[in-house]
Amino acid sequence: KNQVEQSPQSLIILEGKNCTLQCNYTVSPFSNLRWYKQDTGRGPVSLTIMTFSENTKSNGRYTATLDADTKQSSLHITASQLSDSASYICVVSGSGGGADGLTFGKGTHLIIQP
Amino acid sequence: DTGVSQNPRHKITKRGQNVTFRCDPISEHNRLYWYRQTLGQGPEFLTYFQNEAQLEKSRLLSDRFSAERPKGSFSTLEIQRTEQGDSAMYLCASSSRAGSPLHFGNGTRLTVT
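As given, the protein sequences belong to chains A and B, one line each in that order. The numbering used here applies: residue 1 is where the first sequence begins, and numbers increase by one. The numbering used here applies: residue 1001 is where the second sequence begins, and numbers increase by one.
Isolated chain A (complex conformation) (with noise of 0.2 Å):
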């Protein structure tokens, strides 16, 4: 069964921090992962999308990882602000999965502390 697991569940750090979410996945065959922002009462935006031949994409502060071998990926975000608050999503697709078999995590809920 295709799975995508995140990590942590929630996280509180202080503003201008730095910190890294993870994704463990067990999709297969494997398409690509991407990383989506959900701020609180809208939908989610799409922040990064990684391929089977990339290991690393930047998108201004948030620096994604992919390491195919071992079925994970990372989010970093870099000196963390008020307005990086949001819940982030991991969502792989391959086959299997629901519509163009994307299948979703449960996501990371991040809370910026001034």
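Any given hint might turn out to be false.
[Claimed, not checked] Cross-link-like lysine-lysine pairs, in silico, DSS-like; alpha carbons within 30 Å at most:
#1 B:Lys1011 - B:Lys1071
#2 A:Lys57 - A:Lys17
#3 A:Lys106 - B:Lys1011
#4 A:Lys1 - B:Lys1057
#5 A:Lys106 - B:Lys1014
#6 B:Lys1071 - A:Lys106
#7 A:Lys71 - B:Lys1014
For the record, the hints were derived by calculation from the structure and aren't laboratory data.
Knowing the structure of chain A, use the given hints to seat chain B on it.
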């Protein structure tokens, strides 16, 4: 604003009533998806359309749920005889093709009392 639009944003209804939600996707997107999300969980797939054809339905979509996309543009999701367990955020998303990113609306939050 040319993003995905969902209406209403909030809906409170009594158990047993029927409700209908509307989604207007990005105009050039031919794929439209419905998801359900409860607190602390990721979105759960319900169904999706390519143009007007409903291509896949999740087992979560009981016979009380029906979705349509009659002209391949906007879509509606109807829930009949609502139950308290239907309380959730209903998200709509659209994309231009398989593998391209999903563009989500801001959802309709349903509360069944």
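Task: Pair hint A:Lys1 and B:Lys1057, alpha-carbon separation not exceeding 30 Å - done: Holds, because 18 Å separates the two Cα atoms, which is no more than 30 Å.
Open item on the list: Need the status of pair B:Lys1071, A:Lys106: alpha-carbon distance at most 30 Å?
Closed with: Distance ~33 Å between B:Lys1071 and A:Lys106 Cα, so the pair is violated.
Open item on the list: Given the hinted pair A:Lys71 and B:Lys1014, is their Cα-Cα distance within 30 Å?
Closed with: 45 Å, violated
- [ ] Below or equal to 30 Å on CA atoms is what counts here, so check A:Lys106 against B:Lys1011.
- [x] Distance ~24 Å between A:Lys106 and B:Lys1011 Cα, so the pair holds.
Open item on the list: So if I understand the rule, the pair passes when the alpha-carbon distance is 30 Å or less; does A:Lys57 with A:Lys17 pass?
Closed with: Holds - the C-alpha atoms of A:Lys17 and A:Lys57 are around 20 Å apart, at most 30 Å.
TODO: With a cut-off of 30 Å on the C-alpha distance, tell me whether B:Lys1011 and B:Lys1071 pass.
DONE: 25 Å, holds
Open item on the list: Between the alpha carbons of A:Lys106 and B:Lys1014, is the straight-line distance 30 Å or under?
Closed with: 29 Å, holds
When the structure is compared with the earlier hints, violations turn up for hints 6, 7 and for no others.
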